[in-house]
Amino acid sequence: MNINDILSVENLTMRFGGIVAVNDLSFTAERGKITALIGPNGAGKTTVFNCITGFYKPTSGTIKLRHSDGEWRLERLNDFRISKIARVARTFQNIRLFPGMTALENLMVAQHNTLMRASGFTFLGLFGVPSYRAAEKAAIDLARYWLDQIGLLERADDAAGNLPYGDQRRLEIARAMCTEPALLCLDEPAAGLNARESAALNELLLKIRAEHGTSILLIEHDMSVVMEISDHINVLDYGVKIADGTPRQIRDNPKVIAAYLGADEEEAIAVMEGET
Amino acid sequence: MAANASQAKTARGPDAAFILKKAVISALVALVLFSLMIGIRTEAGSDGQLTWWTRFGDLAAMVAVVFGGSIAMELLRRWWGPVDTVRVVPPSAQKVFSFAGRALVPALLIFTFLVPVIFYDERYILDLGILVLTYVMLGWGLNVVVGLAGLLDLGYVAFYAVGAYSYALLATNFGLSFWICLPLAGILAAFFGVLLGFPVLRLRGDYLAIVTLAFGEIIRLVIINWQTLTGGPNGISGIPRPTMFGIPLTPGDDGLATLLRIEFSPTHRIVFLFYLILALALLTNWVTIRLRRLPIGRAWEALREDEVACRALGINTTTTKLTAFATGAMFGGFAGAFFATRQGFISPESFTFHESALVLAIVVLGGMGSQLGVALAALAMIGGFELFRGLEQFRMLVFGGAMVLLMIWRPRGLIGHRAPTVFLERNTAISSDLVKEGHG
Numbered sequence: 001m002n003i004n005d006i007l008s009v010e011n012l013t014m015r016f017g018g019i020v021a022v023n024d025l026s027f028t029a030e031r032g033k034i035t036a037l038i039g040p041n042g043a044g045k046t047t048v049f050n051c052i053t054g055f056y057k058p059t060s061g062t063i064k065l066r067h068s069d070g071e072w073r074l075e076r077l078n079d080f081r082i083s084k085i086a087r088v089a090r091t092f093q094n095i096r097l098f099p100g101m102t103a104l105e106n107l108m109v110a111q112h113n114t115l116m117r118a119s120g121f122t123f124l125g126l127f128g129v130p131s132y133r134a135a136e137k138a139a140i141d142l143a144r145y146w147l148d149q150i151g152l153l154e155r156a157d158d159a160a161g162n163l164p165y166g167d168q169r170r171l172e173i174a175r176a177m178c179t180e181p182a183l184l185c186l187d188e189p190a191a192g193l194n195a196r197e198s199a200a201l202n203e204l205l206l207k208i209r210a211e212h213g214t215s216i217l218l219i220e221h222d223m224s225v226v227m228e229i230s231d232h233i234n235v236l237d238y239g240v241k242i243a244d245g246t247p248r249q250i251r252d253n254p255k256v257i258a259a260y261l262g263a264d265e266e267e268a269i270a271v272m273e274g275e276t
Numbered sequence: 001m002a003a004n005a006s007q008a009k010t011a012r013g014p015d016a017a018f019i020l021k022k023a024v025i026s027a028l029v030a031l032v033l034f035s036l037m038i039g040i041r042t043e044a045g046s047d048g049q050l051t052w053w054t055r056f057g058d059l060a061a062m063v064a065v066v067f068g069g070s071i072a073m074e075l076l077r078r079w080w081g082p083v084d085t086v087r088v089v090p091p092s093a094q095k096v097f098s099f100a101g102r103a104l105v106p107a108l109l110i111f112t113f114l115v116p117v118i119f120y121d122e123r124y125i126l127d128l129g130i131l132v133l134t135y136v137m138l139g140w141g142l143n144v145v146v147g148l149a150g151l152l153d154l155g156y157v158a159f160y161a162v163g164a165y166s167y168a169l170l171a172t173n174f175g176l177s178f179w180i181c182l183p184l185a186g187i188l189a190a191f192f193g194v195l196l197g198f199p200v201l202r203l204r205g206d207y208l209a210i211v212t213l214a215f216g217e218i219i220r221l222v223i224i225n226w227q228t229l230t231g232g233p234n235g236i237s238g239i240p241r242p243t244m245f246g247i248p249l250t251p252g253d254d255g256l257a258t259l260l261r262i263e264f265s266p267t268h269r270i271v272f273l274f275y276l277i278l279a280l281a282l283l284t285n286w287v288t289i290r291l292r293r294l295p296i297g298r299a300w301e302a303l304r305e306d307e308v309a310c311r312a313l314g315i316n317t318t319t320t321k322l323t324a325f326a327t328g329a330m331f332g333g334f335a336g337a338f339f340a341t342r343q344g345f346i347s348p349e350s351f352t353f354h355e356s357a358l359v360l361a362i363v364v365l366g367g368m369g370s371q372l373g374v375a376l377a378a379l380a381m382i383g384g385f386e387l388f389r390g391l392e393q394f395r396m397l398v399f400g401g402a403m404v405l406l407m408i409w410r411p412r413g414l415i416g417h418r419a420p421t422v423f424l425e426r427n428t429a430i431s432s433d434l435v436k437e438g439h440g
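Taken in order, these protein sequences are the chains called A and B.
No gaps in the numbering here: position 63 of the first sequence is 63 in my numbering, and each next residue is one more.
No gaps in the numbering here: position 312 of the second sequence is 312 in my numbering, and each next residue is one more.
Read the hints as simulated data drawn from the structure, not as lab findings.
Just so you know, these numbers come straight off a predicted model, no measurement behind them.
Hints are supplied without guarantee of correctness; some may be wrong.
[What the hints assert, rightly or not] With the C-beta cut set under 7 Å, the calculated list includes, among others, these residues of chain B facing chain A:
#1 72
#2 74
#3 78
[Stated by the list, open to error] Which residues of chain B face chain A? A partial, calculated answer using Cβ under 7 Å:
#4 21
#5 77
#6 255
#7 256
#8 292
#9 306
#10 419
#11 423
A virtual CB, placed ideally from N, CA and C, is assigned to each residue, including glycine.
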């Protein structure tokens, strides 16, 4: 594991019965950078995410995470501890907000562990001690800051389920950021967004990286997002890494194009040469 | 507006066919069901042989009633409309409604406080009031588990029983006073809540409901069969009455009446019990309202909305579920201890599945998660049931009909919307369409 890496996935394999979803995958994500994980549908990207965030226990392999708080082997931690202790936050491919709670409440739930400690595990909070009230105010201020960042301050008191699709996507990112993560894992954040909304998303992600120093791991199909903001790209196909490099290197890699077009390598090269 | 009206008119055509089709299906179901139940009458003859005759007239009448009733019901449903549809209400009327809505809680509270004063001489109403308040408290307790955390619990009566037996056994065997036993009963019930919680952590929805149902039955069967401890089906009698912080409510020399130099009346005890259960219920309410605004309460509601997202946010769903079970069970235990001291006698018969179903019905009818809704539902279910006493054996029928109508009119309970726990600018209620019921 390189000193600059926050995440290092080594020889990760995930089997479901006879199906090998991820096969001997290794990659790293650099601290303070945006790393993308791309590949055609069914390539195993979301499985990798679920292994990193503890929703699946990998069949074999190691997932190491290291930042200022310490070093962890994520495959050994429970799903909620990965977020609580190792500070890895995630969003979901199909948005998983709390639809019956307001946007503000969604961001308050994300600060559960901080507030839980401040409320003396409920007992002090029940009697409204001043230290808890101060902590709650700080939590509201943090939620207000993120609502402002995603341009939803006006709709703070509306039910999350009532927000338009694009807003829900951004709210889920804000909710993940409210857990103050060291690594933010985004599962197709631009899915279903129009061109204007994807551009705004790019800005938001670049801002998160620049102002908060949060490392980002990204799964995305929208190439306008991936190519513009990623520092490093890993390409998966059938659970195997077929390429990695900078956006420019990936754009010109015939293997990647072949995987995306579903053609073999020679054909892809022919297509590329025909274009230029 | 005009476009809406014309749309409604064009929709009327296929509607008639739909209503008719529905009525015919209902009538067919009724025909099949009642053909044997009503159509054929059997009786044992004089020599014990079976005699039977047909009653096709009654059967036809019944089917016709179902047919007509189905049409009437559909029409009523259309007329009332589902919950949260925008209806044309003049602004002045809306103002009156919103004022009435805000005034309802304080008015109810003041009235409840005054009940023993107004109805001092009417023992029946005081007893009914105590009964209603007991169920309000049980409803509020179960509301934490079902309404907030979204965990369907069909065995809530188990905790009620644990509380009642804790107090009865501690008081009769060790002579502990009510005020020492009350917290102990709560703690014991909470312990049993955690005990139930552990095996059901991985279960959801229907499966959770079955296991909690079984848990309620296990507790009852243990009570029946552990004769040396619980007295089995004979129950426990001679449970001490509560004292007013050490002053007994008896005609004796050290009694409250003698101390205050007033004439002794058995009503004093009833009034005291009334205020006792009122205080306990209000404590439950206060704690629940406070908990909702604390991180644990928000985590409960988040758990109801989406458990996977909770785990992704670093919330320990295991302890969150267990605390919900324990908190709900604790209030059930308090109510149980109160029940034991009021009755002076408890037996397993008081803790059947029927009680669990009744309390769950109160929570669902009230609108899951709504404190006011649960209180109103308890009043309607327990008080309303008493109201129909004059109808004798038709009481259940009328009551069941009223329930069906109410659920058609308000499918998400009396108070279906959810109030946010924290807000920046506007404190607007969230429509019940968005709020999840929880999957277990």
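Here is what the structure says about each hint:
no.: 1; hint: 72; verdict: violated (34 Å)
no.: 2; hint: 74; verdict: violated (30 Å)
no.: 3; hint: 78; verdict: violated (26 Å)
no.: 4; hint: 21; verdict: violated (34 Å)
no.: 5; hint: 77; verdict: violated (25 Å)
no.: 6; hint: 255; verdict: violated (36 Å)
no.: 7; hint: 256; verdict: violated (32 Å)
no.: 8; hint: 292; verdict: violated (11 Å)
no.: 9; hint: 306; verdict: holds (5 Å)
no.: 10; hint: 419; verdict: violated (10 Å)
no.: 11; hint: 423; verdict: holds (5 Å)
Checked against the numbered hints given earlier, this structure breaks hints 1, 2, 3, 4, 5, 6, 7, 8, 10; the rest are met.
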